[in-house]
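Heads up: the sequence lines are chains V and L, in that order. According to the numbering used here, the stretch in the first sequence is residues 1 to 249, in order. According to the numbering used here, the stretch in the second sequence is residues 250 to 590, in order.
Certain hints may be false.
Only pairs whose alpha carbons sit at most 20 angstroms apart, straight line, appear in this in silico EDC-like list of lysine to aspartate or glutamate [stated by the list, open to error]:
| id | chain 1 | residue 1 | chain 2 | residue 2 |
| --- | --- | --- | --- | --- |
| 1 | V | Lys97 | V | Asp73 |
| 2 | V | Lys27 | L | Asp296 |
| 3 | L | Lys569 | L | Asp430 |
| 4 | V | Lys162 | V | Glu78 |
| 5 | V | Lys81 | V | Asp105 |
| 6 | V | Lys97 | V | Asp59 |
| 7 | L | Lys305 | V | Asp73 |
| 8 | V | Lys23 | L | Glu409 |
| 9 | V | Lys110 | V | Asp59 |
Over 12 angstroms on every C-beta distance to chain V, these chain L residues come out as not near it, computed from the model [unchecked claim]:
| id | residue |
| --- | --- |
| 10 | Phe253 |
| 11 | Ser269 |
| 12 | Lys322 |
| 13 | Ile325 |
| 14 | Ile570 |
| 15 | Pro573 |
Just so you know, these hints were derived from the structure itself, not from any lab. Note that the Cβ used here is the ideal one computed from N, Cα and C, for glycine as well.
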Amino acid sequence: MSSVYRYFRNIGMGFWTILIGMKITMKHLFTPAVTIQYPDARMPIPERGRNRLYVNMDDCIGCNQCAMACPVDCISIETAKSLPTEDLGMTSTGQKKRLWVTKFDIDFAKCCYCGLCVPPCPTECIYMTDVYEFSEYDRSNLNYSFITLSPDEVVTKVEQAKAAEREAAARKAAAAAAAAAQKAAQTAQNPPSAPVQTATKPAPATQAAPVTQPVSSPETTEKKEVEKTGSSEGKPQVDKQDEGKPGNV
Amino acid sequence: MHNFITYYLGSGFWGSLVSSVLPLVYIMPYALVTMWLELKISAHMQDRLGPMRTGKWHGWAQPLADVTKLLQKEDIIPTAADKVLYLLAPALVFVGSYAAYAAIPFSPAYIGSDINLGIFYIVAVSALVVLGILMAGWSSNNKWSLLGAMRTAAQLVSYEIPSSLAILAVVMVVGSFNLNDVCAAQSGWFWNWFVFGKFPFLFITFIIYFIASLAETNRAPFDIPEAESELVAGYHTEYSGMRFAFFYLAEYANMFVVAAVASVLFFGGWNSPFGAYLSGPVWGAFWLISKGMVLVFIQIWLRWTLPRFRVDQLMYLSWKILTPFALINIFAVGLWVVLRG
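Construct the complete structure from the given sequences, taking the supplied hints into account.
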């Protein structure tokens, strides 16, 4: 009996549920579509949506923190030290810019749009935009360069920074040599007798003197050397900047 | 005058030719319109827009674009296929669907062939479709095609029984197999139509016929022969280009055949719903086609409402529900005809 009841109940339920389903689809036939005609109409992008990155190079200080934060290493940054004569200006957040950013590439083929590069930036110059349509026929076109320097400028800046570095290294070596000499002089001076001291000392120092004397004399010689080797312009300033250093030794 | 073409051109070669080509002239635009309707209806039932770009206005040219694409496509024949059967199958499937149009009375003045066994002929010739599908599935030499073809054969053979029994009930009431006679028996206002209670059991008959006819057109929820999530595309997996288009066209042609037969058997065919008003040869064609299109719309509506049957559920519905009900129904109708008729 119950099986007969179930049989007819099944049939009744079948018809009833089909009618319910047809009612639902008929209702939806006349509800407006939820989809939009994409290239003609666009959905608003969420405020914190993560799309294509942008770097505002006016604010970039070349600190490399975004590249460090990137989990897929899609950001590559190269910098060159600026010369003390060059004023790179301030960032909008009030930080002084000290480095020429000679390369700032983001490869959007690699980028995973995680947004981890955004929070570390001290000047808030790297951020997500609302651009999400930037497909390319060639993958290499997805490697975006953000630097504001021209290729020629990049070359000169790098050269200049290298030269400055070489110079600094030379100066450091000279300073080290001078320091060593001074040390040697001191060790020679302090222990027992004067005649020994005079013998070991370099020519200008022969007059002998109190403790500070030997320090100043190698410094001057170094200065002259630098002036001879260094090329024209920036050199005197470098010296000025580094003036204190040998004295501190 | 049952066929105005043979009336004017004579029943010689030209008369027969024009008369037999006329349904094709109807099927082509009908198929295009229905393809577009199906795209749009399915889209809107799912809260989408569907094609919107082809031809500017709501993608009206989408079916034209589809057909043009199919015409240009390469006709691929698998090397392992049984070539003769493979090439013959789509033609046979379409012939099965198209031949049925010969006995459909489009209007009081046009029926391709005014034969006494009209509805019997339609049932018989529709069986060719099974043969064509079975050929397509077998000759493709592909497991999905074969599975799809076997399912189709099982399904169509099963559902032909309730469908034929439902047709038989109407035939008993009318006393004729000729579809023109069936139409004539329902003349007058729309309450004379067989669905509307002139004979109480004929509404059930209509439901049985409609469900069975859905199964015969291989459309959802009875689309297990081409269940795309299981069988890729079923029996026409290996077909491409024009041969695929033939299967597609046959499906749409078949949809209208069952809808037209249902409207002739239960909705008065070419009769106007308003008695003598708006009736005549041209209005007759209009009424039959609009009734058919309403039923085609219901087929589309159901397709996008219901999920697909499982194979066992399909067999359960046919053998344990529709067939017993059709048998009881035919007995009841027979009793009615004997006692009241």
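**OP:** Against the structure, test the hints numbered earlier, and report the numbers of the ones violated in rising order.
**Re:** 1, 3, 7, 8, 9, 14 and 15
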